[in-house]
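Asker: So the protein lines, in turn, are chains A and B. Going by this note's numbering, the first sequence opens with residue 1, and the numbers climb by one from there. Going by this note's numbering, the second sequence opens with residue 235, and the numbers climb by one from there.
Please note that the accuracy of each hint is not assured.
[Unchecked claim] On the chain A side, residues computed to face chain B include the following (Cβ under 10 Å):
1. Y20
2. G23
3. V26
4. E77
5. E88
6. G92
7. R110
8. E111
9. F119
10. R161
11. E196
12. K197
[Claimed, not checked] Subject to a maximum C-alpha distance of 27 Å in a straight line, what follows is the list of computed DSS-like cross-link-like pairs (lysine-lysine):
13. B:K471 - A:K128
14. B:K371 - B:K239
15. B:K457 - A:K127
16. B:K239 - A:K128
17. A:K127 - A:K197
Read the hints as simulated data drawn from the structure, not as lab findings. Ideal placement from N, C-alpha and C gives every residue a C-beta, glycine not left out.
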Amino acid sequence: MIDSTNNTPLISARGLKRYYHRGSEVVKAVDGIDLDIQRGEMVSILGPSGSGKTTLMNMLSGLDAPDDGSLTINGREVARLGEDELTEVRRGVLGFIFQKFHLLPTLSVRENVELPLLFLHRKPDEKKTVEILEKVGLQDRAGHLPREFSGGQMQRVAIARALITEPLLLIADEPTGNLDKANGEATFAIFRSLVEKQGMTILVTTHNTSLGSLSDRVITLEDGRIASDERNQL
Amino acid sequence: MSFIKLAAKNLLHRPARTSLTVIGVALAVAVAVSLMGFNIGYRQSISASIDKLGFQIMIMAKGCPYEAATMMLKGGSGLLYLPDSALKEIRRDPEIDSITPVFIGLARKESVSIRDDADSAFLIISGIDRPSFEVMKPWLGFSQGKGYEGGRWFADDSVDEVVMGYEAAEFEQRKVGDTIYISITPDGEVEPQMHQYKVVGVLERTGTQDDGTVFMPISTAQKVFNRQNQLTIIGIKLKEFTGYAFHEFEQRWNKIPEVQVVGLQQVKTTMISLVETAQTMIAAVAVIAIIVAIIGVINSILMSIFERTGEIGIMKAIGATRSDIFQLIWLETFFLCLAGGVVGSLASLAGSHLVESALRLLIDIGVRGSIVQISAKIIISAIIASSATGLFAGLYPAWRASSMSPIAAIREGE
């Protein structure tokens, strides 16, 4: 269960920058972002393609290092850490959901869901796996392979996989990008339920403003900078 | 779920590629195992064949020692003879424990059947002095069973009785009491003469050249070949056989101008060296096959890594360390080579008779008995070596996969 008594931000970024070089041109994907993500809030990051959403998410989730600025995840400064140390920060703290699901095709639903435990050297708890599959409505299909599933179902498997380590923060990069409207709404409904029932922190990028409105807070990016940061009244 | 299960599932997900890679490794292992089996089997076979000649030293007419060695083991043409006066002289040596003269001649079979090729159209006739020959080869016994009852040696002065080696009798389809016709061209004549002999005994199988030989009294053989007072070899056992004793003996008797003294240890070395060149060539082929197999394994695993770049990125994102990915890829390579090792070893075991036949066809082996001996030790060594090769071959692909940046890998995988 998430510790709700800790009042420090789960993520704190100051002057975060990430530039890419395309020939002689410098692309400022993220150009000086200051941001705090509080524990237990669901934050949507919106913006057009090329606005820097994914680059920002990659840095906030410790997958990519910033060129400049400071970044704290769960109280630890991560901006200058190497790959192995970043992996250590991610393990057990962050859960990931991707637009293209990225399930391992050779593994069953149960095995996909339990895969992160292998890397944490933890033994799977069957009861817990069933409990998580129940949360995403796939408890009866644990033995099936990903190829037997629709896009919406695969995304629910990916959500279950992200939840198995009981992360503090769920990072979802365009989780509805490959889903129809109904499945997109169902995915956001699951997120909402995780925030409200478990106090989980969720950071999600989306193009869809109506889905964004289901979050506690909507941050809009433009040209690598925060254009707006608004709280929703749910 | 464990790394072992995950690695196995990844390999089984691409059955065609995995099978082809395993077959590549298996072929290399099969070649290497067969070669090792041949190396050991051939040496043992040479030793056994020579030990079963019964004597430690041969006295023979001066000539090529290689030919001398092969002649004793497989017959051969261009036989050289020494005068039997040498026997009388050498027999006086005080260091000799036992001595036996042997006369060998090649005879043409009376009829050539459809089964015969150029070599098998000849019979090896061995004229022996039965009492001293038996002392040299106390293990010789007669076949028993239907058709072989009453097997015995010929009378020492017999002119129409022969004893046949096991394979010679089997090939000629002769049993005790049967008649065999042999065509012999006496020395100095052109036209062959037909002789009729009664088979009075068939020897048990010995695994040596004796199996393919027809034995008759030495005096009879010398007479029909018109080589009275000539011998092919004199077999000798010393009272005490040491390197020094042999050297001394050699010094004493090499003084006779027509003869050479050949130690059987020397013959063993000669025979083995005859085949070593062929073995080196086969070893080179095995090394090339192993290198090709290693390249095949590396290629297969690298292709699989490139195809799974996204998966590797995801695994790293959700908590896999570099060491986890390294371990996973390394295990996959290890499994490929382990499977190849097991399949190749079993295939070489199953196909050892085929390999033996092929080797006999390609190389003049010169010995009877099994020349490819694949032992449990060879199999276990091959599997361990193959697995170790897998660990070596997996280093680069595993390092490459583990070095991928998670975000770049995910992006590339999309």
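Asker: Against chain B, run the beta carbon of A:E111 and see if the smallest gap drops under 10 Å.
Answerer: Status holds, d = 5 Å.
Asker: Holds or violated: the hint that A:G92 contacts chain B, with Cβ atoms closer than 10 Å.
Answerer: Holds. Min distance 7 Å.
Asker: Given the hinted pair B:K239 and A:K128, is their alpha-carbon gap at most 27 Å?
Answerer: 21 Å, holds
Asker: Is the hint on A:V26 kept, meaning its closest Cβ partner in chain B is under 10 Å away?
Answerer: Constraint on A:V26 not satisfied, violated at 19 Å.
Asker: Was the hint right that A:E196 lines chain B, CB cutoff 10 Å?
Answerer: 25 Å, violated
Asker: Measuring from the C-beta of A:E77 to each C-beta in chain B, is the shortest one below 10 Å?
Answerer: The hint is violated - A:E77 has no Cβ within 10 Å of chain B, the shortest such distance being about 20 Å.
Asker: How about A:Y20: closest beta carbon in chain B under 10 Å, or not?
Answerer: 12 Å, violated
Asker: A closest beta-carbon separation below 10 Å is what the hint needs, so does A:G23 meet it against chain B?
Answerer: Violated. Min distance 19 Å.
Asker: Against chain B, with CB atoms and a cut of 10 Å, does the hint on A:R161 hold up?
Answerer: Since chain B brings a Cβ to about 7 Å from A:R161, closer than 10 Å, the hint holds.
Asker: Holds or violated: is there a CB of chain B closer than 10 Å to the CB of A:R110?
Answerer: This interface hint holds because 9 Å falls under the 10 Å limit.
Asker: Hint validation: A:K197 versus chain B, beta carbon distance must be below 10 Å. Holds or violated?
Answerer: With a closest approach of 23 Å, the A:K197 hint is violated.
Asker: Does B:K239 sit within 27 Å of B:K371, going by the straight-line distance between their CA atoms?
Answerer: The hint is violated at about 60 Å.
Checked against the numbered hints listed earlier, the structure breaks hints 1, 2, 3, 4, 11, 12, 13, 14, 15; every other hint is satisfied.
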